[in-house]
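Those protein sequences? They're chains A and B, same order as listed. Residue numbers 1 to 347, in the numbering used here, belong to the letters of the first sequence in order. Residue numbers 1 to 452, in the numbering used here, belong to the letters of the second sequence in order.
Rather than coming from a laboratory, the hints here were simulated on the basis of the structure. Careful, some of the hints might be misleading.
Pair by pair, the computed Cβ-Cβ distance ranges are [as the list claims (entries may be wrong)]: (1) A/Ser253 <-> B/Asp60: 54 to 62 Å; (2) B/Asp36 <-> A/Ala255: 52 to 60 Å; (3) A/Gly84 <-> B/Val423: 51 to 59 Å.
All values reported here derive from a predicted model rather than from experimental measurement. We put the beta carbon where it would ideally sit given N, CA and C, even for glycine.
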Amino acid sequence: MSDTPAPPIVEPAFDAVSAPGDLSQVPDFSHEEEIDAYRRMLLIRRFEEKAGQLYGMGDIGGYCHLYIGQEAVVVGLRMAARDGDQTITAYRDHGHMLSCGACPREVMAELAGRSGGVSKGKGGSMHMFSAAGRFFGGHGIVGASVPLGAGLAFANRYRGDGGVCWCFLGDGAASQGQVFETFALARSLSLPMVFVIENNSAEAAMEPGDAPVRPTDLAGRGAPFGIPGERVDGMDVGAVRAAGRRAALVARSGAGPVVLEMLTCRYRGHSMADPARYASRGNGPDRRTRSDPIEQVAARILASAAASGDELKAIDREVRAVVADAAESARQSPEPDARELTTDVVA
Amino acid sequence: MTEAEPITMPTPILMPALSPDQQEGKLARWLVRAGDRVRAGDVIAEIEADRSTMEIEATDDGTLVEILVPAGTLNVRASTPIALLNGVAVRVDGTGPETAGADADPVETGAAVPLAVGDEPASDGAFDHITLREALRDAMAEEMRRDAGVFLIGEQVGEGGGAHKAGQGLIEEFGAGRVLDTPIATQGFAGLAIGAAMAGLRPVVEFMSWSFASQAVDQIVNSAAKTRYRSGGEMSVPVVFRGPDGASSRAAAQHSQCFAAWYAHVPGLKVVAPSTPADAKGLLKAAIRDPDPVLVLESEALYAATGPVPRGEDVLVEIGRARIARPGRDVTIVGYGRAVTTALAAAELLAAEGIDAEVIDLRTLRPLDMATVVYSVERTNRIVTVEEAWPVCSIGSEVCARVAIEAFDHLDAPPAKVAGADVPMPYAANLERLALPDAAAVTAAVKAVLDV
């Protein structure tokens with residue numbers, strides 16, 4: 001394409017959907033739901049900011065992939081999900097854990113490698129699960145969680161329990177071979193699942209404009225397999241929920257899987273170890289101010305007088321308190337007992 | 001006790017391609033019957049296609065053990081095994097050498113052959129005399145009847161019962177909802193099964209070959225093996241992966257190889273390798289009931305081996321227990337899978353020379369039952385391991401190393417290892433024979449450690 005440094009691919013794709021904040025996208029969002037979405041997204045935002053701080057202080061090590069900027073995707077889809085549905089994702093999973101009802105203390109303690117973590121400190125950032133929340137990980141190999149998601153959906157079909165599996169993957173993973181194998185299997189078995197491609201246009205090892213092939217139509221990735229897809233403004237939690245409801249209707253009806261391409265934007269680097277030069281080149285602050293998922297909802301709440309500015313500030317204080325408590329609790333939690341080294345290998 | 005019929009290692013006769021673009025045909029007529037002696041070049045069957053009729057010739061001298069595809073079958077794909085020819089020299093029965101004694105029942109009924117450690121669940125005393133592939137089928141059928149969460153998934157496992165006919169009759173009994181044919185998406189269906197297991201089902205994945213399963217190593221190693229640990233015990237993966245592993249006659253470099261050491265290396269996996277129909281059934285049933293991922297490494301060459309299998313829905317073979325396949329005093333020979341039959345054949349040859357070898361069938365490769373091996377070495381003071389796998393970092397290497405570490409003071413000679421040649425499997429028949437350990441190689445190794 002052009003030699004200009006501005007990344008040309010991201011913006012047109014994003015402009016193809018409705019402008020951020022378009023209220024017509026959210027006809028059925030009540031005032032209470034707006035406030036609920038605001039609170040849920042803010043919890044993820046503040047939690048991830050704190051996790052970033054703890055990483056900088058050395059309390060969290062290894063890989064730590066933050067979800068800042070993408071909060072509307074998981075929150076909107078959880079609002080579209082039903083009890084009994086499963087969720088599975090890759091390694092950028094903190095927000096998914098929190099959205100599935102995991103305790104912030106236990107998630108933060110896991111990031112810190114402490115005994116109070118959801119995986120007893122043995123899993124870390126990328127390996128978290130919640131049987132009660134029907135969250136099935138937390139998987140560190142790009143693309144590998146996608147066939148697992150098909151297996152979860154298969155179990156729903158096998159049991160006839162009406163559940164749908166929400167299978168999240170990134171735009172990078174969407175080129176892994178096993179994703180296509182899973183498309184073939186999911187279609188041939190008519191699995192009740194939604195492939196949620198979180199397209200943050202920032203495949204880990206690539207920079208916009210560098211790549212010989214950029215994914216431009218991820219919503220259409222399932223088309224050769226007969227799987228319908230929809231491109232969604234993933235920064236607008238209302239649009240996300242609405243698309244999620246449409247997709248779930250199809251998947252739950254027995255008609256088979258659906259692809260949702262969520263156009264979203266991660267503000268930070270791929271992981272805390274990534275300087276994210278690309279994220280500051282057109283994919284970061286500029287888009288952030290225009291389309292930040294939390295700012296959008298706050299603006300709508302204020303415009304509709306669903307809540308006052310003071311009330312939103314009070315929510316923020318509550319959320320900050322929860323996150324501060326989680327961080328403090330994680331710091332206080334002891335490291336796992338040495339005996340845990342050899343437990344949980346096999347039953 | 002059924003009379004121990006000597007059987008030999010069968011070689012499959014494959015359906016030929018009629019032409020490069022015609023990969024299917026009708027198996028029109030058999031000119032021989034099971035049990036007939038044939039010579040290389042004898043016409044044994046006729047196949048028909050749209051434009052031609054073709055004769056199939058025996059590839060080797062031997063006895064036709066079993067006809068796998070009956071006359072009149074349409075659309076038989078090229079390379080499908082259509083009959084088994086018994087032409088290789090190692091003579092053993094499915095469970096033990098004839099020299100174990102006509103009155104000795106080699107299956108673990110608690111009767112004649114001493115158990116390595118502990119007790120096996122008793123059957124009602126009745127036996128089925130069946131092939132190993134039938135034993136696998138019976139194991140799956142019984143467990144599917146017992147637990148509605150058990151299902152079978154893989155390529156061609158439905159119609160026809162799988163590439164190796166280990167699932168015959170299952171789709172008829174359980175339907176396509178529980179016997180699932182998949183596209184050729186190996187990594188995909190392996191991962192799907194793991195996800196289903198995480199959701200609480202009990203999948204049995206059939207790989208046409210463990211060579212093909214190499215496409216699914218990431219799912220087996222990263223997704224299945226580690227999930228219990230990385231979730232701190234929150235999640236488990238009760239999945240079974242099974243299929244033929246090891247040497248496969250004339251299948252050459254990419255289809256004929258042993259993955260035992262690869263998977264036995266991985267914490268979180270359990271790995272079993274049955275050498276008899278009884279163990280195949282008992283181990284597979286135990287694997288299906290196990291709460292962790294279990295890999296069943298079968299031997300293609302043993303699918304047609306017959307032997308007595310104790311009846312009883314709850315007759316399991318405990319994972320992690322080796323078996324003394326032949327008691328002896330002078331030397332311990334340790335093997336797994338088809339190498340056990342090689343070891344038993346060697347033990348017979350040695351017996352004729354007055355050497356009394358004890359043969360241990362490991363049965364489980366992870367966790368290894370070193371207690372049984374060490375117990376044996378404490379009595380015999382010598383050990384030889386036998387395997388078809390490559391020698392570097394092999395199961396035999398591990399057994400030898402641990403015997404040296406755990407039973408050094410009992411050894412009267414350095415451990416010896418007999419393994420496959422350290423090369424990709426050659427295609428040429430003579431080279432293939434050279435690449436695999438035979439009874440003569442084992443007897444030579446035994447004599448070396450005995451210094452005779």
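Are serine 253 of chain A and aspartate 60 of chain B spaced within 54 to 62 Å by their CB atoms?
Because 57 Å falls inside the window, the suggested range holds.
Is the distance from the Cβ of aspartate 36 of chain B to the Cβ of alanine 255 of chain A consistent with 52 to 60 Å?
55 Å, holds
Range first: 51 to 59 Å. Now tell me if the beta carbons of glycine 84 of chain A and valine 423 of chain B are that far apart.
Given range 51 to 59 Å: holds, Cβ gap about 54 Å.
Checked against the numbered hints above, the structure breaks none of them.
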